[in-house]
Structure formats: structure tokens, C-alpha cells
Amino acid sequence: MYNLRLSTEQLEFRDTVRDFVVREVKPVALKSGRLEASERQLLTAILDQAAQMGLRTMALGEDSGGAAADLLTCCIVIEELATGDVDVAAVLAETVRLSRIIFVPSTGPAQQYLPLFVADDHCHLAFAGHGDTRLGANYHGRRAAPHATITGSPADNGDLILNGNAEGVRNAPIAKLFAVEAVTDRKREFLLVPADTPGLSVLAQASGLRGHGVVGSVAFADCRVRADQRLDGKLIDIAAEQGGPLDQALNLGIGRAAYEAALDYVPLRVQGGRRIVEHQAIGAKLAEIAVSLEVARAAVWQAAFAADHPEAIADRSLPDLPLAMMAKVFTSGAVYRAAKDAAELFGAMGVMRDMPLQKYVHDALICLHAANGNADDKLRIAEALAGYRRP
Amino acid sequence: MDFSLNEEQRAWQMKARKFALEEIRPVSLARDRIADPRETFDWELFKKGSRLGFRTLAVPKEWGGHGLDFVTQALVMAELAKGDSAISKAFSQCWKWSHLIAAVCTDEQKGRFLKPFLADDTFVLGKGITEPSGGSDNRLPPDDPKAGVKLRGERRGDEWILNGEKAFIANGNIGKLFFLDVRTDPRAPLREGVTLFLVPHDTPGFRVGKVFNKSGWRFYQNAEMIFENARVPHANVVGEVNGAYRKSSGDTSGGDIFGDLELAANALGVCDAACEQALALARTKMQGGKLLKEQQLVQLKINKMHMLTEALRSFVLRVACEHDQKMHSPNAGLAMNFSTDVIQEVTELNMDIHDSAGCMDEGADKLVRDAFIWSHLAGDSVQRMKVARRIIK
Chain V
72 MYNLRLSTEQ
82 LEFRDTVRDF
92 VVREVKPVAL
102 KSGRLEASER
112 QLLTAILDQA
122 AQMGLRTMAL
132 GEDSGGAAAD
142 LLTCCIVIEE
152 LATGDVDVAA
162 VLAETVRLSR
172 IIFVPSTGPA
182 QQYLPLFVAD
192 DHCHLAFAGH
202 GDTRLGANYH
212 GRRAAPHATI
222 TGSPADNGDL
232 ILNGNAEGVR
242 NAPIAKLFAV
252 EAVTDRKREF
262 LLVPADTPGL
272 SVLAQASGLR
282 GHGVVGSVAF
292 ADCRVRADQR
302 LDGKLIDIAA
312 EQGGPLDQAL
322 NLGIGRAAYE
332 AALDYVPLRV
342 QGGRRIVEHQ
352 AIGAKLAEIA
362 VSLEVARAAV
372 WQAAFAADHP
382 EAIADRSLPD
392 LPLAMMAKVF
402 TSGAVYRAAK
412 DAAELFGAMG
422 VMRDMPLQKY
432 VHDALICLHA
442 ANGNADDKLR
452 IAEALAGYRR
462 P
Chain U
36 MDFSLNEEQR
46 AWQMKARKFA
56 LEEIRPVSLA
66 RDRIADPRET
76 FDWELFKKGS
86 RLGFRTLAVP
96 KEWGGHGLDF
106 VTQALVMAEL
116 AKGDSAISKA
126 FSQCWKWSHL
136 IAAVCTDEQK
146 GRFLKPFLAD
156 DTFVLGKGIT
166 EPSGGSDNRL
176 PPDDPKAGVK
186 LRGERRGDEW
196 ILNGEKAFIA
206 NGNIGKLFFL
216 DVRTDPRAPL
226 REGVTLFLVP
236 HDTPGFRVGK
246 VFNKSGWRFY
256 QNAEMIFENA
266 RVPHANVVGE
276 VNGAYRKSSG
286 DTSGGDIFGD
296 LELAANALGV
306 CDAACEQALA
316 LARTKMQGGK
326 LLKEQQLVQL
336 KINKMHMLTE
346 ALRSFVLRVA
356 CEHDQKMHSP
366 NAGLAMNFST
376 DVIQEVTELN
386 MDIHDSAGCM
396 DEGADKLVRD
406 AFIWSHLAGD
416 SVQRMKVARR
426 IIK
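Chain order of the listed sequences is V and U. Read in order, the letters of the first sequence are residues 72 to 462 in the numbering used here. Read in order, the letters of the second sequence are residues 36 to 428 in the numbering used here.
I should point out that these hints are in silico values taken from the structure, not numbers from a laboratory. No residue lacks a Cβ here, since even glycine has one placed at the ideal position from N, Cα and C. Please note: incorrect hints may appear among the correct ones.
Pairwise CB distance ranges, derived in the manner of DEER restraints [stated by the list, open to error]:
1. M321/U with L274/V: 24 to 32 Å
2. R318/U with A453/V: 22 to 30 Å
3. N234/V with K83/U: 49 to 57 Å
4. A453/V with H341/U: 46 to 54 Å
5. I69/U with Q112/V: 14 to 22 Å
6. R226/U with A275/V: 51 to 59 Å
7. T115/V with G244/U: 32 to 40 Å
8. N234/V with R68/U: 34 to 42 Å
9. N234/V with I69/U: 39 to 47 Å
10. R68/U with L274/V: 15 to 23 Å
11. L335/U with L274/V: 32 to 40 Å
Selected chain U positions facing chain V (Cβ under 8 Å, derived; list incomplete) [said to hold, decoys possible]:
12. K96
13. L175
14. F247
So here's chain U without its partners, still in its complex pose (with noise of 0.2 Å):
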């Protein structure tokens, strides 16, 4: 075994660190702090680390992009989400809609829409799948007819006209370009009757409603989409007519390869931050003549924080390296689960270092609110069992 990174590998972790350091660390807990979510966006900066290739580092080399591989995609990841995880996010949620592209569109897509992407600053992917009514039937999806997507597609001539909404859309409200999951056969399940679509942000009859408030990751968007009668040319549809649900995974084991190892990197890095944290505090804090770092309540917890990021660390390269040799296997998941678990464990201990030390720290609260949101995404029974069936089959 070889844990050593090539040059281009360290490279791009060094560009992140320094961008992380010296862009995104000063502004993270300004951002935080606004309170109008439409607001907390920084296009400026967002278009500084785009001309450092963090948006489009994916894109395979032969469209234009840098077609960095998966372990150094892990890597700048974890750097970003050092420096704030909702800006780390911002930037892979990119990634992980050119992975699509890159995979299921044809030539004649991918030059419609990846030639674009590239060479604009402010160019943001997003992919519409939630919806009011369901979240976790997209994800473990029963085979009542009813369940799922409600978004409707009906087809005439040589367009589709789309009618419905999304909610929690990632970039739904700054994105140009959005992958779609529309139910073009209402009489089938899930799995047999939704068309994935690409639809840009200037389609007629689209238009972006709410955006939504969360209590982490302030900078990231989340906004509901809404189309009333929008119209999209069905050279628009990626692969076949009710066929999303078996070409829009990205690859052929039937998981959303990127997305796990995404979710799992980020938390990499906020633990990093965590740790961070907490050994400056535990250096320099003295309380009742003494530093903290001297105390044996808080060697534990420091121990445990180091101990849980150093396994994630092994969980997410390992996984990275697995699918830059094209082995997926339910280790991906499983590495997204176990981040829900170490990201909260980890920032919570890093604030109860800040409070037994009578520091009740901005930063530290951040962090914990920012890894709250994994138990939606990526530690959810659904998310857990969803892995666990593709062990057990």
C-alpha cells in the first residue's frame, strides 16, 4: 500500500489550502452571520477560486476541464470544507453534475453545455430531485406509482412542457444549468416512469421561488424551483424517456459514486477545522494557572476528535482511491454514514473543550450547526439502509 500523493495531487491540495487560508477562512463567519439566506452568497469569491479551477476541476480533460481524479478531488474538498463546508460544497456541487455530464449526456450535450460551463466564472450546476412531498421516496424509491417525483413532463412535438415544483434544490436560485428528475409516466413507479432533463435557468416558465433558511451551511443555497408550463426541447432529455432511474447514477453499480465520497470529504474537513480549534484553545487557554492541554478531561476528548478525523481521513482516500481504479462497492456509503456520525461527534467535542473552558466561541458553534445538516443528507435511516441493501443483495 502506497499512501504517498503524486505531485499534481499535492499541488491542488496546496492551491486549496492556501485559497481555504487566505479567501475563505476571513469571510466564513461573516457569511454565517447574515441572516437574509438569498444574501449570504459571495459571487466574488466564488469566481476567484472558479479561476483557481475549483468549479470545474472535474470535467474530464478532453472537454477542457482538468479531469483530476477522485483522490484529489477528495483532497481539495477537505481543504475547502477547512476553510468553511458550505463554500467547499458550493464549488463540489459543480463537480458532481460535470461528473453527469461528463458520463450520461451525449457529444452533442456536452458540447451544448459543458463548453458553456467552462469558460464562465458564474456558471453553477444544480440537479432537481426533492420535491414537498418526497424526499426519501427518490432516494429508497417504493414501487406505488404514486410515490416519488410528481414534477410533470408531457410531451409535444418536439418539447416537453413541464409542470410542478422542487424544494431544497441545491443552487436552485443562482444555478444556470439544472439536471431535472420529471415523471413523464404517472402510471409507473419511480424507477420506470421519470425522464431526467437538462434545463436551463432561462427556460420559459421557470422560475425560482423560496429560498430557504437553514440553520447550517448559510453560504450553500437551497431554493425551490417552480415551472408552470416551462418548456424544454427533448433534445434536452439525457438518455432515454423514463429512463433516469437507470442512467443517472453515473456509473453502472447503481450508486451515486461522487456524491457519498463528496459528503464524506467535506466532513473531513470540518473535523479538521474542529481540531483545529480546539488544539489553539487548548494551548493557549489558561484557566486557574494552568493551560488546558495539561487538563486530563480534555486530552480525552482531543484523543477521541484526532482518533475519529484520522479514520474518516483512511475511510474517504481509501474511497477515493477505490473508485480512481474503478472499484464501487458500498464502501462509498458507508463512508458518507460514518462522516454523519464522526462530523457531529467531532464539532461537539470541540465545543465542550470551548465551554469547559468558559468559551462559548462563534466558531465552534458554526461548526456544530454546519454538521447538523449531514443528518439529513448523509446519516438518515434511509440514507443508512440504502447502503446496507446493496450489501445485503
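One chain only, chain V, in its complex shape (with noise of 0.2 Å):
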């Protein structure tokens, strides 16, 4: 059987949060004052509404007080946010993407804080680990172990004592709870610490040319943890799962914002005579860019529903490769160059920093550059397709 068709609680979420984005997103975050991107001000009355309405909390179990949403259900809320602003859904996507690995699984250390997480409705997540991930044009060099920016010294009663720091951090500026990657003398620790321990720092850093969302640098001053803090170890895909398709999910908001403004767009504007989305040259490259996001879009969904589904691989259903990867390979270029020529369908109002058009051209930059390069992604792909590892 194959079955392309969303589940009734799946089009609920998407029409909600269209709504929403309609109605309450859209008319504060296309406000021309906060469209240059040096200057965006996070929406945080719009994602505290967004909290309200579950979105927060969405990937949880029903009976810890989410709404057991699995991964495609979460990139479709999160390309719906994207298309209203792409910061508020860049921290919503990061919360929902560790509270899939932190708490979903229903036992564990992490559970003590699983009340605090569901009741506060600005307790967002975020991941302080090793620095760069990316390997970029060093992939073919040495296989180094990642570079060790926060240490763990052992304390007695089995706790750690936290030093260094982590830069780039999505979501630090706002986040309670911190998944900690750690580098003891033996091996890699993964640790939920909450923002208000003793030792831990956070300072705010332009986002600017580095990510959507807010971004911080994490300090960590001799902070102490309790043994009991420690995460389990599976939890090492926590830097790897970045990227992932929520990322692409909310990449194509971007384009999608994009291409809904030049398809309302090309049927007002007057040019040559006749409305310009009757030129060929308009009505083409109008086409272009929706083909590209559509195709983008079945690469994304067809890699959650992989995530959700891993029988689906087991009985052959899908192939068995680096979907995730191939999907943002495709989708981080299809956006950005369906951003590019949708702005261009705008003449010089494309490249004005009042309007969204070139605001759209530049998140997908981001989203095009960021996390892992495409160019190391390209590589990781041929290792799976290949069967190799690289030495």
C-alpha cells in the first residue's frame, strides 16, 4: 500500500496553525521596522501564544500532556510557523527537536524534569555540546575526536563539575533546560542542566549571519551536576539530528512565505500591458518555484515519516539511506534559489530592507549555510551510498 494521505489530527494541526499565522503571526512579523535582519527582536508574545496553543509541547506523550505528535506532524507545524516568522519557529523547532530525544522516552533521568518542562509555558530547550560539528572541507582529513569545549571533572557522590563553553547556541538566551555535552577523561556525557545552576552562564550573540531563532554562548564556571542528571547515552544524536528535517521543515516556510508573496503579487502588478503573471517569463519561473518547494517538501516528508516509521526501511518500503541528509542537501538549495526568484519577480522592491522579499532571500542563505555544510553532507551521503567510512 502506499498512502500519501495526512491523518485528520495532522490537517487539524496545519489548518490551527495557518490560522494562526494569519491572523496573529503575519501582521506583527512583516511590520517593515523588523524586517532587517541585524535588528529582528524575537516575537516572544507570539510564542508564548504558540505555547499556549501546544505547539511547545506537541511532540510529548498524551499522558505527559503533549499531543503525541511524531516528526512529520512537527514539520508540518513548523513550515506553517516559518511562512509567519522564521525566529519564532527556529526555537520552537529546537525545543520540539530535544524534547523528542530528551523526554519522549517515557523513563530515565530526564523524567524529573518533565513536569517542570510541560508546566512553564517559556521553558524552552537547548543543546550545549561541542563545538562545530561540521567537518566541512576537512572531511577527508584525520578522524579527530570532536573538540572538547566543555570538560567534566569527576566530584564525589559520582557528580561533575561543568568548565568551558559552548558558542552558537540555539535557543541559550531563553532556554531553562540545557542538554550538556561533556567531555570526561573517558568518554562523552550528555547532561540536562537547568538554566539556574550555580556556574552556568549564558550571553545573548547576534544571530545575524548565524541562525534563525536567538543564539547565545554557554559558559560553564565549575558548574556542579548531580550524577542523576546524566542523560542516557543514545542521546550522542542530539548534535548529529541537527539539520534534520524540522530544520528543512522550517526552510521551506521560508520559500513558502516567499512564493505566496510573489503568487499574490503577480496577478495585481501591470506590466507590458497585461498582468505580469501572463508573461511566459513571469508564469515560468512562477512555476519553477513552486515545483521546487513541492519536491522539496515530499524529500522532507518522506524523511520524517522515515524517522516515525524505521519499519518502513526494515521491509524496503524506502531505501535505506541517509534521507534526512539528501532531503536538506535538496531543500537548502531549492529554497534559496526559489527565494532569489521570487524577489526578482518584485523588481527593486525585492532588494529593499522594508520589505520581505529580500528578508526571505537572506533566512535562506542561513538555512543554506547552516549546521553541517552541503558539501560535507554530500560526502556523509556517498559514505552510505558506497559503504565506506572515511579513515
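Each chain sits in its own coordinate frame; assemble them with the hints.
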């Protein structure tokens, strides 16, 4: 059976969030004064409203106060949010991503923090780990151990003393709980650390060129954490999953915002004696934008579905390939081109800072260069295709 | 074929290179960062450049200018743009319209306008074509009289009364003299109903509106020009009444021979800057114990950046050389279109190289933003179809 139908719940999620974006987000997000990348303030009231709608905790099980939303549903929500405001979407995408890893397993030491996470609409999550995960141009260099930016020294009672810092941490300035990766003399440890723990401090960083949402540096100075704050070892995927389907859903939202702006504009603008949509050159460009976004969405949704349904790979319904990386490579390039093409349709207005098109291009460029560079991903895909591992 | 430069060409190239390196480059990023678009222009820098001849170099020698050939102009634009694309454009915008004065104005008008232009280091030129209702309509005019220029001009005795506005006009807020496309016959199509005027900035009834806040080319000024019963003497009509689209092109081949070359040559300078940035990083940045330049993917990107840049250089200089030999063809337009593809790919590759090394770089980001301007100026579908139609006809 081949089924591309969304469930009733998924459609309800999409329609509810789409309506929220039209009614509440866009009127605020598209004010001309906040379209400049360097000066964007996070829309905290909108973020709180989204939390009150249950979007912050949607991935948690129903018995934990969530909606048991699978990754595909979360992607649908994040795409819709990103069509309205990419920064709000980015904060929620990171919290949702980490909540799936940290809290969705119904047992384990993290459960002690679940009531706090569920009860507080302002409780967002962040991951402070080793620095830049990308191999980038150094892919064929020696396989070095991750650079230890945070170290853990054993103390009494099995406690750890954390020292060091992490730069460019998404959500850091507003996070109330940090998943922390620390390197001890024996191994990498993952811990869950409340933001108000003595010895932990956060400094907000300008996110301009680095990423969406809010970004900060996290410093640990003799920060003591208990043994029961250790998370399971499988959380090693926390860093590797950055740039995955949720981030690409966000990217799709940027592309869609640019596309929808163009779609609204081309039937209105008259040049050459007719509406510009009636010109072959414009019609073809609009079609190309739509085609690229639809194909990208298919790739992102397939990757999310595969994560939700590993049995689909086991039974050979889906290929056993790094589908999330493939979706990222395609989507990040396609959305950037789509945003540029959409901006071109607006002529000079496409480059004006008080108009949204230049912002969409800038936002898409950040996605193209975020997390692991695409060149790195292509090489990792090659490893999977050819079945080898770099030395 | 002889690709060597003569002494004069080489001297101007070196002078521009020195000015870009010593004067433009040190202030480029700081000017780019200024948030208020009305504050990005640096008059002291501009005056220094003017004193070196970069404002007036296209004015014919018989009128007191340097009368440089197109090859030299292309070389100077590229060198200045390597320092900062928008600063280069601020100078070459003056050449564009001094070419037009030389080509289509009467001797009386040349005397009246070229002399003060030459004498004043702050005398900047501009031309108002685009309006809120029409950009593409003025580039590829349809026959519909309702399409295109709406700024209305009505004759009253020896004066014309202008009402309407222009948008996105280069140097609109800093210029001292503007060419202006004005609708003087509202019943005729654009090609037969528009007159070209010369309008000084202190014309009664003219004021500057909004200064546009662009994502790139921050130094270069674009403004709204508003005309409310502005009074312009009939002596400022350039060419024939209703003849703007017959005379204003500045040559007899129907193409804007300088404007197309200008964007292509400017793009070349930006590409040179991107190549320089990428090479500097690749030669010095260590990652995992190796220099970036040792990585295959970096090598491939550097190869492509240089391949495209050198192809653009060949095309730009060929077009400039053809202009000097009075061989006007669609090549200038093609070079302009091509420069859009090249400048955007080269600057994006530079950013890729920086990114793959974990170096999100303000300078690399600026080049990408500057290059994005080409999308609507030089590489949009109208600009490509305009050239295609010259080829096809």
C-alpha cells in the first residue's frame, strides 16, 4: 500500500497553525521596521501564544501533557510557523527537536524535569555541546575526536564539575533547560542542566549571519551537576540531528513565504500591457518556484516519515539511505533559488530592507549555510551509498 | 589580437587600484553597516576620488574632461568595484550621464551643464526613469499609452510644468543635475510621448522623498523624486519634444552602450574581490591540521570562481574594445546578463568556502548582498529579453 494521506489530526494541526499565522503572526512579523536581519527582535508574545496552543510540547506523549505528534506532524507545524516568522519557528523547532530526544522516552533520569518542562510555557530547551560539528572542507582529514569545549571532572557522590563554553547555541538566551555534552577523561557524557544552576551563564549573541531564532554562548565555571542529571548514552545523536527534517521544514516555510508573496503579487502588477503572471517569463518562473518547493517538501516529509516509521526501511518500502541529509541538500539549495527567483519578480522592491523579499533571501541563505555545510553532507551521503567510512 | 594595455590605460588602472586599496577598502564594511540609508554616502571619500578624476573621466577632452576610452573605463570600474561595488557605481553613474550629455545635448546645454559639473567635486549626475507604476514598462515599452512614464509635463510658454514622481532613482537625493523622462503626450505610446529634460536639483517644485534602504549596495543612494508644479525652462529639453526614446539612448544602435558595460565591469571587480577573499582564506585557514587549499572541494570551488571571473573579464574587455571601435552589438547586453550569473555564483562560492571552514564572514556576506542587486538591474527576464530581441530582429 502506498499512502500519502495526512491523518485528521495532522490536517487539524496544519489548519490551526496556518490560521494562527495569518491572524496573529504575520500582522506583527511583517511590520517593515523588523524586516532587517540585524535588528530583529524575537516575538516573545507570539512564542508564548504558540506555547499556549500546545506547540511547544506537541511531541510529548498524551499522558505527559503533549499531543504525541510524530516528526512528520511537527514538520508540518514548523513549516506553517516559518511562513509567518522564521525566528519563532526556529525556537520551537529546537525545543521540539530536543523534547523528542530527551523526554519522549518515558523513563530515565530526564523524567524528573518533565513536570517543569510541561508546566512552564516559557521553558525552552537548548543543546550546549562540542563546537562546530561540521567537517566541511576537512572531511578527508584525519578523523579527530570532537573538540572538547566543555569538560567534566569527577567529584564526590558521582557528581561532575563542568568547565568550558559552547558558542552559537540555539535558544540559549531563553532556554530554561540545557542538554549539555561534556567530555570526561573516559567518554562523552550527556547531562540535563537547568539554566539557573550555579556556574552556568549565558551571553546572547547576534544571530544575524549564524542562524535563526536566538543564539548565545553558554559558559560553565565550576558548574556542579548531580549524577542523576546524566542522560542516556544514545543521546549522542543530539548534535548529529541538527539540520534534520525539522530544520528543513522551517526552510520550506521560508520558501513558501517568498512564493506566496510572489503569488499574491503577480496577478496585481501590470507591466507590458497585462498582468505580469500572464507573461511567459514570469509564469514559468513562478511554476519553477512551486515545483522546487513541492519536490523539496516531498523529500522532507519522506525523511520525517522514515524517522517515524523505521519499519518502512526494514521492509524495504523506503531505501536505507540518509534520507534526512538528502532532503537537506536538496531543500536548502532549492529554497534559496526559489527565494531569489521570487524576489526578482518584485524588481527593485525585492532588495529593499523594509520589504520582506530580501529577508526571505537572507533567511534562506542562512539555512543553506547552517549546521553541516552541504558539501559535508554530500560526502556523508557518498559514504552511505558506497558503504565505506572515511579513515 | 592584442590584449596588452597601453600606458594610459595601465596608469589609470593602477591609480584606481591604489585608490581602492588605500581609500575605499578601509571604509567599505563600515559604510555597509550604517543602518540609515541617508548616512551611508561618504562625501570626503567621493571628493578625494573626484580630485583624482574618477568622477569626470568620461567627459570628452574638448569639454575639459579626460575623455578616456571604454577599455580604460571598464578597467577603472572593475578596480574601484574590487574595493566596493557601490562606491564604484557612485562614480560611474556620473560617467553614464556625462556620456549622454556629450552624445545628445546641444553645445549651449553642454556649456551650461558640463562646465559646472567639471568644476565641482560634489556635482553628481542622475537620471529619473523608473516610477512606482513602471520599471519594466520603460525598458521594454508596450504600445499602450497608459504604460510607462506617468510623470506629466505640460508646456506653458517657455516653461514646462512637471507633476508626478520617480522612484528608486540613483543619486536622487545627492545629485545636482538629473536627466528626466517626462510624459509630454499622454495619448501616445511611450516611444512617441516622452521628452527628455535636464532638471537641476534646485528646480522650484522639486523635492526628494524617501531614500531607499537596500540590502546591498549600501553606499549607493537611491531616492524618490517628487515634482509638484516644478518649473523647467524649455531650453532644458534635450533633443526633440516627445523624442526621448529616439535620442536618449546615446548611440544610434538603440542600446545603452555604457550602462550595459558598466554593470558587467562592476561585477568583474566584485568577482575579483570574492576570488581574493577565497584565496586568502584557503591559503591560511587550517582545519584539522590541513590548509583549506589542500581540500579537493575547495580546489574545485576556487577553480570555478576563477574560470567564471576570467570569462567575464574577457567578455567585458571585448565589449569595451568593440565600443572603442564603434562596433555596437548585442554583446554589451549579453555581457551584462552574463555578469549577473557570474557575480552571484562567484560570491556564493566564496561564501561556501568560508562557511565550510566555519568562518561566517561579514565581507563574504556583503559581496553576496551586493551581487543580489544584479537580479533586477542586469539579469531579470526583461533585461534578457531586451537583448534577445536585438539579436532576433
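To see whether the hints hold, each was checked on the structure:
Between M321/U and L274/V the CB atoms are about 27 Å apart, so this pair conforms to the stated range of 24 to 32 Å. Between R318/U and A453/V the C-beta distance comes to about 27 Å, which sits within the given range of 22 to 30 Å. Distance hint for N234/V and K83/U: a CB-CB separation of about 52 Å, consistent with the stated range 49 to 57 Å. Checked against the hint of 46 to 54 Å, the C-beta distance between A453/V and H341/U comes to roughly 26 Å, which is inconsistent with it.
Between I69/U and Q112/V the CB atoms are about 20 Å apart, so this pair conforms to the stated range of 14 to 22 Å. The hinted window of 51 to 59 Å between R226/U and A275/V holds, with their beta carbons roughly 57 Å apart. Roughly 35 Å separates the CB atoms of T115/V and G244/U, a value that falls within the hinted 32 to 40 Å. Between N234/V and R68/U, the C-beta spacing of about 35 Å keeps the proposed range 34 to 42 Å intact.
In this structure the hint that N234/V and I69/U lie 39 to 47 Å apart at CB holds, the actual value being about 40 Å. Between R68/U and L274/V the Cβ separation comes to about 21 Å, which falls inside the hinted range of 15 to 23 Å. Restraint check, L335/U to L274/V: a C-beta distance of roughly 38 Å satisfies the suggested window 32 to 40 Å. Because the smallest distance between the Cβ of K96/U and any Cβ of chain V comes to about 36 Å, over 8 Å, the interface hint for this residue is violated.
Because the closest C-beta pair between L175/U and chain V is about 6 Å apart, less than 8 Å, the hint holds. A distance limit of 8 Å between C-beta atoms decides the matter here; for F247/U the minimum to chain V is near 6 Å, and the interface restraint holds.
The structure does not agree with the numbered hints 4 and 12 stated previously, though it agrees with the rest.
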